[in-house]
Each structure stands twice: as structure tokens, then as C-alpha cells.
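If you want the building blocks of each chain, they are given just below.
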Amino acid sequence: MIAKWVELMRFPIDEIWIDEDAAEEPLTREVCRKLTSARVLVGKEIAEARAAIELEADPLLRGKRILRLLRHRGAFVKPCPGTPAYVCCGLQIVHIGQGCPMDCRYCALQVYFNRPVLEVFVNQDDLVRDLKKHLDDYPDRAHRLCTGEFTDSLALEPLTGYAARLVGLLRDTANVLLEIKTKTDFIAPLLNLEPSNRIIVSFSVNALPVSRSEELRATPLESRIGAAARAQRHGYRVGFHFDPIIPYSGWEEDYFQTVDAIFAKVDRERIAWLSLGVLRFVPALKEVSLDRFGPVPYFHDAFVRGLDGKSRVTADRRIAVYRRLADRIRSHSPDARIYLCMESPYVWRSSLGLPMSSDADLSAYLDEAVS
Amino acid sequence: MNWLEHTVTVTISLERVRVNDLTYEIPFFGESKPLETSIKCAGILNAPVVQEQSDGGMIPVLGRRRLKVAQDLGWAEIQVRPLPSSMPEQDGYELAFWDNCLRISDSATTAVVVNRLLELFSKETVCSRFLPVLSVPPRGPRIERLCRVGRLERPILSAVATGRLLEKTAVILSHLNSADREILMSLVQDLRLNANTSDEVIAGLFDWTVVQQKSIGEILALSSFGRILEDADHPVPEKAARFRTLLRSYRFPELDRREQEVQEWVRECDLPRDVRIRHDHGFETEECTIEVRASDRVRARKIIEALKNADI
Chain A
0 MIAKWVELMR
10 FPIDEIWIDE
20 DAAEEPLTRE
30 VCRKLTSARV
40 LVGKEIAEAR
50 AAIELEADPL
60 LRGKRILRLL
70 RHRGAFVKPC
80 PGTPAYVCCG
90 LQIVHIGQGC
100 PMDCRYCALQ
110 VYFNRPVLEV
120 FVNQDDLVRD
130 LKKHLDDYPD
140 RAHRLCTGEF
150 TDSLALEPLT
160 GYAARLVGLL
170 RDTANVLLEI
180 KTKTDFIAPL
190 LNLEPSNRII
200 VSFSVNALPV
210 SRSEELRATP
220 LESRIGAAAR
230 AQRHGYRVGF
240 HFDPIIPYSG
250 WEEDYFQTVD
260 AIFAKVDRER
270 IAWLSLGVLR
280 FVPALKEVSL
290 DRFGPVPYFH
300 DAFVRGLDGK
310 SRVTADRRIA
320 VYRRLADRIR
330 SHSPDARIYL
340 CMESPYVWRS
350 SLGLPMSSDA
360 DLSAYLDEAV
370 S
Chain B
0 MNWLEHTVTV
10 TISLERVRVN
20 DLTYEIPFFG
30 ESKPLETSIK
40 CAGILNAPVV
50 QEQSDGGMIP
60 VLGRRRLKVA
70 QDLGWAEIQV
80 RPLPSSMPEQ
90 DGYELAFWDN
100 CLRISDSATT
110 AVVVNRLLEL
120 FSKETVCSRF
130 LPVLSVPPRG
140 PRIERLCRVG
150 RLERPILSAV
160 ATGRLLEKTA
170 VILSHLNSAD
180 REILMSLVQD
190 LRLNANTSDE
200 VIAGLFDWTV
210 VQQKSIGEIL
220 ALSSFGRILE
230 DADHPVPEKA
240 ARFRTLLRSY
250 RFPELDRREQ
260 EVQEWVRECD
270 LPRDVRIRHD
280 HGFETEECTI
290 EVRASDRVRA
300 RKIIEALKNA
310 DI
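Chains as they are written, first to last, in numbering that gives the first Met the number 0: chain A, 0 to 370; chain B, 0 to 311.
Simulated from the structure, these hints should not be mistaken for laboratory data.
Take these hints with a grain of salt, some might be off.
Here are the simulated EDC-like cross-link-like pairs (lysine to aspartate or glutamate), alpha carbons at most 16 Å apart as the crow flies [stated by the list, open to error]: (1) B:K167 to A:D290; (2) A:K43 to A:E14; (3) B:K122 to A:D57.
Label pairs and their in silico Cβ distance ranges [stated by the list, open to error]: (4) A:P208 to B:C268: 43 to 51 Å; (5) A:V281 to B:T36: 20 to 28 Å; (6) B:A309 to A:D171: 57 to 65 Å; (7) A:A263 to B:E143: 41 to 49 Å.
Chain B stretches covered by chain A per the calculated footprint, using a threshold of three residues with CB under 8 Å from any CB of chain A [claimed, not checked]: (8) 121-128; (9) 206-214.
Note that the Cβ used here is the ideal one computed from N, Cα and C, for glycine as well.
Isolated chain A (complex conformation):
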């Protein structure tokens, strides 16, 4: 109970905005019951508060302490917004909400949404219905689902219980794999559930100096790795995402330390996969970051326009980074399932020595990891 209270306090919420048609949802009542100190706004008050927040110099910062509860009206299951220019993993996003209470300086979400507040979709029953229908519509397909693309999978778990509910729902579905991706250590609710091979608890990790200076309000790296070890001991398989890798001068030693720390605490046999992705971003993110944080050195590195229009360091440099990190990972776990996020067949071949010419190839490669 105390642990849960501490988790709630980690991301303090000052205001709850409740959309009119979301007021009667059970999850709305549950969130309000837990956040007794937050000011609740409805109707016209929300419009006024929204206008006020838009006038702030940094609406995103303010928005991280505001939780909007609303009904999601679109599809709850969507393909990951990858790009045809690079090989994508075919992940499907289960849309539980959007926005993140953490404030990583490199975070793409800063330019992704036009609403600065945290949003939780409270029509959970609709989500479950939509998800079941999606799975019924494609019974022969292997589904890799993830809740951690537009938000952190567990950051608001103490309030919403979304992850636990989805684990309960999907844990025994043969052709489904649910990845819960987080930068927190809020895994306690998952430890109360029977583990399943169909559930991957994965952690975004980084070099310690990056984690300390850039991942504002995220759980310390060591605690994330500790949480991974606990999840694994409970019986879950875990994943690690080195994304974004920031190739600053001296990056290798720092990232190697993180790799070593993971393998010192976590059983390599129970790691489903590790992904690698060197920092890439839509050009607007650099401007937003400059506005919010002033000059952040890595955004001013030698970026060129990639095939998808995003700013990327040159393929040569990315290949060198992936090669070095993959070698380090393989020194601990020769058979580790390492994959690259949004890279070309050329980079795959040159860095990992793997022929990965299409999205289908990569999907098959990852599905194989959990079959």
C-alpha cells in the first residue's frame, strides 16, 4: 500500500479534467478516488483551463501534472507509426492513452501530439471489445501488441490498472504477445499476477549519464534494471530497448556499463529481445527542445536527413554504434535476439550481419523469439 502511494506521488497530478461523457466510467471514479488531492474540472472549466495552459511559456511542462480522462472514439489497436523507408518490426499499438508524466529531453512525443496534457482513455470495456474483435478478425496472424508507444505502459498504472487488466486478458491467448514497455519500476501489479510467456515486460534503458541528465523524472536506471530482474524472477520474460542511443564522445564505455549491469542482474535466457536505435527525430523536435531546454548538445550533432525525413547521424556512424553494442551484448549472450528499430537492410547487414530486407522478415525474427 505504501509502495503504491509512493508510486502515485512520483508523478503528482494537480488537476483531473473529466470529459462529460467519461464521467460515469468506472475507471474515472477509480482515478478520482485515488487522486483525492487533485482538483477536478468538468465542462466549461476544462475549456478555460485549456485556454490558460496554452498561454503558458511551456505548456508541456504544465501538462504533465494534468490528467484528462476521456473516451477514445477511434480504433484502440493501431499499427506502430513506422516508416516504409526503413525496416519496421510490425508492432501493434494498444491505445490506452497518450502523453507521459516523465519529461525526457529527447522525447518524440513533444512534437507528436497537439494536446499537452496526459490523457487516459477510460472506456476500458470498449478497448477490450475492440481488441477482441481485432484478434478475432485476424486469427491466423501473430500479434505483437504494445501499450508503450504513445505513453509509458506503467507510469500511470497505479491509477489505471490498465496493464494488469490487459495481462489478465491476453496472457493465455496463443497468437498474442503483449509487450509492456516502461521507464519506471512500477511492476508491483504485475507481480500479483500469474506470469505468462505471452507477456514481455520491457524497459527502456540508456547510458547512465544520459539517463541521469536527459530522462527527467524517469526511474533511475539501476531501479529499472532491478525491476527487470524482479519481473524475471516472478516468471516474466523481459526486454530491453536501448533507444535512443546518443553517440556522444565516449558513449561506448557508458553504454557498455549499462549492458554489463543488465547481464549482471538479469538471466540472459529470459531476455526476449534487445532493441537498438540511434537517436533520430523529426526536425521540429530540435526546435522544441531548444525552446524548452536551450541548446542540448546531441541535437546539434552532425545530423543529415534520412530516407524518412527524420534527422539521423550517418549510416556509417550508426553501423559502428550498433556493431560495438551488439558485440558487447553478444559477449554476454551470444544468441541474444538483437534488433534494430527503423533501420535499412544495408544497416542491418553491415552492423548485425543479418539479412533483414522487409518488415515481414523482422516480424518473423521477433515472433520466433517468443514462439
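The hints should help you fit chain B onto chain A, whose structure is shown.
Then chain B, alone, in the frame of chain A:
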């Protein structure tokens, strides 16, 4: 309250007017010559509006340029409509704003005005009353960026207003100190760069200073840059091109190296005169584009047939 309804036209000594006072300034970055010609021909048709000061002086509210031209022309007296010193600054600036709003069209003037409005009024008031007139979105990052630009030195603002510098370049300059800004403005002037190439050079140097944790002055003190900038034997456009190439090679050393490798390889290939090879942009893949020029369609057909029959 409409302050203008309470004014009468009086003649005063022009010496009493502090034309350089910026309290109610809506800047104008254009030429004053046409106004001077007009005043010479027809005089001042509408008396400028000024505000009395407690020390007996007066400051311009409306018609600053008319006052300035009159002063330059050596007028001793001028007809003005004085407003009382009790008029709040907000009211005076609002008068100036509405009087000039139709000509606040360039980014620099807009930036100075938005910055000043935000000094005088609440953001809510500025966003709801003034920004729609200026076609500035009442929310989003542009407001803050305009404020940053609005605080820049006049030569930079003038360059933005006259299209020699892009607004986004001015935003970058706003993140540098004034000494570095001055150096960069001199640089783009000396190299006679246009707005786009100025942006390329300023953004490139800014990025590099952030990465290297050095000032613009320190970066440009590198002897390789110095040799180009001090070179008096070559025309300026050539110097500018060399400067940009050198900067690019520092900023993107991997690309530069790969490009040189490809150039070397192409030389070794000893290509026929009509054939060119281009590597994939940015070396994201290993793809190359081979371009073959044909003098006519008959020759083009022959080349295509030869390619079809080649064992590739």
C-alpha cells in the same frame, strides 16, 4: 477612453520632442526617403501625436518618422497634438498599435511589437486582442520565438525585415550572446550570403559551437577559416563557397570522407564522357545512380539494348 478626442493641435519647438524615445515605438525598417520627399512637397498633413513629460519634454506616440524627418530637415517648430503625461503607457502603445497595425507585416516588426505588447499587457490580452490582427497564432511556440527575436539588435532586425535573414535564423541568433551575433552578422555580410546560405552557415556554426562547447569567435579563429576570410586574392562568391565547403567538412566529417572516397572511385572507373555516377544521398544505402546522356533517341536505344544484353 479615446485619448485622441481630448487633443488639440499646438505648435511647439521641435527641440522639445525626444524623437529617439522608444516608449511607443512601432519600428519601421524601410527607407525614409519617400516620406522626406512627401514632407518637402506637401508638408506634414496630419500633426504627430506626442505625450507630455513631467520635465516639459515630449515623446512621440504617433508620427515618429514624421518628427524625425522634420528634425533632419532642420525645422525649428512643428504642429503636434499633445497627450497628457497621465496617459498610461498601455493606452499610448495601443494607440500606436492601431495606428500602425496595417503595416506590421514583416517578422522583425511583428517580433518587436509582440515583445513590447507582452511587456505592457497580460499574455491573455495580447493573444486575444492583438495577435489575431498580426496573423500570429495565439498559441504555440511562435509567440516565445518572436519575443526572443524582438529583443535582438537593430541590424539583425533590419536584416530580417528586409528579407536578408530568415526568421528561423534570427531565432538561432537569439540563443547566442551579442558578441557572437555581431561576429556572425559581419561574416554573412562579408561573404555576401543570401538568406538561405546565411541560415546554412549560421545554423551550422551554431550547431558546431554547441557540440564543441566553444564560442563563435573561437571557432572562426581556426586558421583554416582565417585563411579563407583573409584571402584578398579571390572573389567573394568563391570565398563564400570555400567557407561553406570547409564548414560542412567540419560539421559532417563522415559524409565528407565518403564523398571523397566516391570521387576517387569514380576517377578510377575512368567513366566515358557521357556517364555520371551519383551515390545515394547521405549514404543511407549503398545505392548509386548511373546517369547516361545520349545525343538522341537512336543512341539512347542503342545504350539500352547494350545494357539489356550486358551480363549484370
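Which earlier hints turn out false for this structure, listed by number in ascending order?
5
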